[in-house]
Amino acid sequence: MDLRNRLGRVALDRPAVLLVTAAGATRERLAVEAELARRRWPRASGPAAADLVAFAGAPAPAGDDDWAERLWNGVPAPKARVRVRDPEHAAHALEHGRMALLVGAGTQGRQEQREPAGHERHDADGEHPPQHDGHTASGRSEHDGHTTSGPSEHDGHGHDAHQDHGGSHAGTDQGHHGHGGSHPGTDHDHHGHHMGGAILGLPMAERADDRDGLRLDRLHVPLGPALPDWPAGLVVRTELQGDVVQRASVEALVPPRSSRPAFWSEPWLRSAAGAPVTVDEAARRRCAAHLDSVGRFLAVAGWRDPAAVARRARDQVLGGASVADLRSGLRTLTRRVRRSWTLRWLTSGVGVLSSTQAQRYGVTGPALLADGDAYDRLLVWLEEIDRAVDACDDRSPLASHALNGPRGRIAPEAPASRTLVDVLPVLLEGTEFACARLVVASLDPDLDELAPQHARGGHAHG
Amino acid sequence: MNLEVFLIVAAALFCVGLFGALTQQSIVMLMMGLELMLGGVILAAGAAWHYIAPATADGQVLVVVAITAMAVEMAIGFAVVTALFRSREVDMTDMAAELRE
Amino acid sequence: MTTAAFWILAVLAVAGGVMVFRFDSMARATFSLLTALLCVGGELIVLGLEYLGIVTVLMMTIEMAIMAVFMIMFMMNPAGLMPMTMVHNKRGAAALCVTAFVLLVAGILLAPWPRRRGRAPADPTTDLGMALMGPQMLTMMTLGMALFATIVATVVLATRRGRYERYGDDLRATRPDDPVRGGVGR
Amino acid sequence: MAETAPLWAAVVLPVALVLVAWAAASVDARSAGLGRAVLRLLVQQRRLTRAADVLLVRVGTTLLPVAAVLAAVVLPLGFRSVSDLPDGIVWFNAMEALAWAAVWLTGWGPNSALSLIGGYRFLAQGLAYELPHMLAITTAALGAESLRVGALVDAQAGLWFAVWMPVAFGVYLLSALAMAFWGPFDQPVGTDVAGGAASELAGVDRLLFLGGRWLLFVVAAAFSVPLFLGGGQGPFLPAWAWTVLKTAAVLGLLMWARRRVPTVRMERYVELAWVVLTPLAVAQALVVAVVVLGR
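Residue numbers (UniProt numbering), protein chains in the order written: chain G, 1 to 462; chain P, 1 to 101; chain H, 1 to 186; chain R, 1 to 295.
It is worth saying that the hints were derived from the structure and are not from the lab.
Note that the Cβ used here is the ideal one computed from N, Cα and C, for glycine as well.
Careful: at least some of the hints might be erroneous.
As the list claims (entries may be wrong) - Derived contacts from chain H toward chain G, CB cut-off under 10 Å, selection only:
| hint | residue |
| --- | --- |
| 1 | A5 |
| 2 | I8 |
| 3 | I62 |
| 4 | I66 |
| 5 | V69 |
| 6 | R163 |
| 7 | P176 |
To be verified - Output of the computed footprint for chain H on chain P, the stretches with three or more beta carbons under 8 Å from beta carbons of chain H:
| hint | segment |
| --- | --- |
| 8 | 21 to 32 |
| 9 | 41 to 47 |
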């Protein structure tokens, strides 16, 4: 056992981190990502591969589905979780997660491995020390909530609650509610083996017309809110046949009412509210926002190398690196991405959004400018990045009319991301899963913008 | 080991496959029964080659024919299921029989 | 060694075959069939037909993998949650099969099998190739034609869209109207 | 020239493969974090999903490394392989096809949509790469007029096959990536489906599956050496050194390519493979056949 413990300590010294971002927590996400890059901890692509779950912000449940809790239940022991409620506490929280893991690895015995529920609670005990939580009071209440939920997990399916939710890593059951009895065809009853409803609590598939003229089984799979490289807070409820999205509806987990303006459109929102904002501040934010989107898009397209470069550049831009430094690095990146004919071959023709269609939905910004497919939108981002870098040392004040943020026109009552979310279902129908991911990444709506705003000067914090 | 033992194993496979092909309602399962029967044929042909006439390649050719038959049967089978499914949403033999009425 | 291999493979093959129709789950059924057929391939290798045995393994693996997809496409039954009772006249079929088996075994045991003539060539694979390209050329050509006909027939049966759907009624469209764009830029 | 190695080689083979895969993976990770990653999977608990078909998952995850090692049986180091089967090339192809079953089972078993999508994707990938792949290795066999890997190496004493069968070589490299679902062909375990077929695996299962994938990758890359690059043939150095050197070069080339190219989606690649690569491979086989007839 001793050797095992020691091995566990060595292994968990650099845990694999699953970063789960709640809607409205872009600042926290960026802080955690930068910290992870600095520590060179590996990133987990899903709960199964994770040791440490880092929640950026407070994950809001989707409907009655507490997806964050389900996700946590799907992480195999030894595990720990931390909540980052404040960008400044990212490093501290991660360090704390690591310590909790190391302590857990030290006390972990064979019996505990057999009893996952008990082990979870053990971890939970060590995971919310008040000092790094930002909100002591809410941290405490979560703690309580977790403890009471322990036994119920136990008599349910142990920690196996993760299972059915293929899509989101966070539970799909409620995606099936109301589908049990609604059979589309009457001949359905012929199929003795083929009823709707649920077995073992798992929803069964049912049939529906599809793209290829076959009435095949469809699965209700919600995508998000915790997929890797996925806009925080977005839930796309899909009906999959094989891996083809036959129908999609979008549900945005609206971030909690907050006094902070959405991070990516902050300069323009402030300018609209009458505060003095300089051009370089806006340019840097636009540049970083597009780099974030480009990084996400390239990661979804499976091109990890430049995706990592884009993210590093994003952190540099936000960190205030000098224009000269930025320019050479960014030029190399944009040239490399533009020159890749394979990327062009793979992403052109995906998610075509003509400008007329875009206008009909009220889309503004890069998606309207691109007037085309995912690749065109990527090109627009790259172009805006190049242009924004040049403006990064312009200290003149930003003109306060005709404000265009990274995702489109700045209008607090009708944010640009709302139109992007609205246009999604149309673009997603009939696409294959990988294409659907590309479409979402190429629009990259920022759900922070949808947060209802407090009046200025409310009780600010963070 | 001798020819008889191999042939008995082949016969067992063939009969299990036959049972499946006769009883299964689903066309796909029926095809699995056929595959199993052809597996028996392959084994019998190989055994015949080895124990009766190894000098000529006829037994081997028979195996090749059986393997091809398996591939053809699979391909046609699935194409027919797809066609039936497309037109009538049927994947069971009984229902296909009802279509005639 | 060979005897042991034979018996192990034989038992596995028959057991796999039986389990095909006893498993509730389609995936298990398919892969139990795969086990049975892989064992048949193994038996061929035991018999000295290495090439044909390996080809059987190769073909059956690919075939079963594709079969699994079709199966799930047409009958969703995730991991055997719902017991399948999709059989008809089970009793009659069982009786028939047992009778057939008894008859076959009786035939196998009673038939006056000819003595072994000649001995196996050093390389049966060459032998097979020579036969297929020589005296058995007609067989080979028939097989080739059959496979070609199969390709055409399956495509015709399975697809609903012809060139008129893809290129318009006058076949003038420059780019086919497909649900998903292909990779050659047409 | 080909000799069969003594029996202990069968024990050494998996160890050697794991070592090469380890080296390749640490170069690829560009850091020393690999050992820690493996340890992490070792201490991690296995995990079960609801209504999972555990048996199928276990079979699938175990089958993948087993298939890779079995395929490597015909792989010569220098001029020795564990067993120089008379139908070595077909053997390699058959063992590599077992990965189809393995990945699909692993994707299906956990009863999760994303993992199943990963399984589906690998079958689509298999259908796309297998056709040109088989033609490519057949072309090499045609050039040596034998299915025996040793004979292939002997036939390249003068000129490497890669030189006069460049199309087949290129196609083989592509399919080597595809069969190991690695690099640009990693869609079955892509991050866009949160790890695809591997998305629900934890602990030892995950280690077996992803480790098996590395083994398969190494074996597939290493097999291009006897197929097209003359195996152990080469001046000055001993034969085994040439094999190692050439294998390292092929691995390096493939790992470099992965940094240059995004993930290839099968709905695009399948058309390229069937409409462009297959006819090219057929034409290459025809050319080789004519040359062989004329010899």
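Q) Are there three or more residues in the segment 41 to 47 of chain P whose C-beta lies within less than 8 Å of some C-beta in chain H? A) As far as the segment 41 to 47 of chain P goes, the hint holds, because 4 residues have Cβ atoms under 8 Å from chain H.
Q) With a cut-off of 10 Å, does the beta carbon of H:A5 approach a beta carbon of chain G closely enough for the hint to hold? A) Cβ of H:A5 sits 38 Å from chain G, so the hint is violated.
Q | Residue hint H:P176, partner chain G, criterion CB-CB below 10 Å | A | violated (12 Å)
Q) How does the coverage statement for the segment 21 to 32 of chain P fare against chain H, requiring three or more residues with Cβ below 8 Å from a Cβ of that chain? A) holds (count 9)
Q. Does the CB of H:V69 sit less than 10 Å away from some CB of chain G?
A. Result: holds, 8 Å to nearest chain G Cβ.
Q) Should the hint that H:I66 touches chain G count as held when the rule is a Cβ pair under 10 Å? A) Constraint on H:I66 not satisfied, violated at 13 Å.
Q) Does H:I62 pass the interface hint, meaning its C-beta sits closer than 10 Å to a C-beta of chain G? A) violated (19 Å)
Q: Under 10 Å, Cβ to Cβ, is where H:R163 needs to be relative to chain G, so tell me if that hint holds or is violated.
A: Check failed: Cβ of H:R163 comes no nearer than 17 Å to chain G, outside 10 Å.
Q. Does the interface hint hold: is H:I8 within less than 10 Å of chain G, judged Cβ to Cβ?
A. Violated: closest Cβ of chain G sits about 34 Å from H:I8, beyond 10 Å.
Hint compliance for this structure: hints 1, 2, 3, 4, 6, 7 are not met, and every other hint is.
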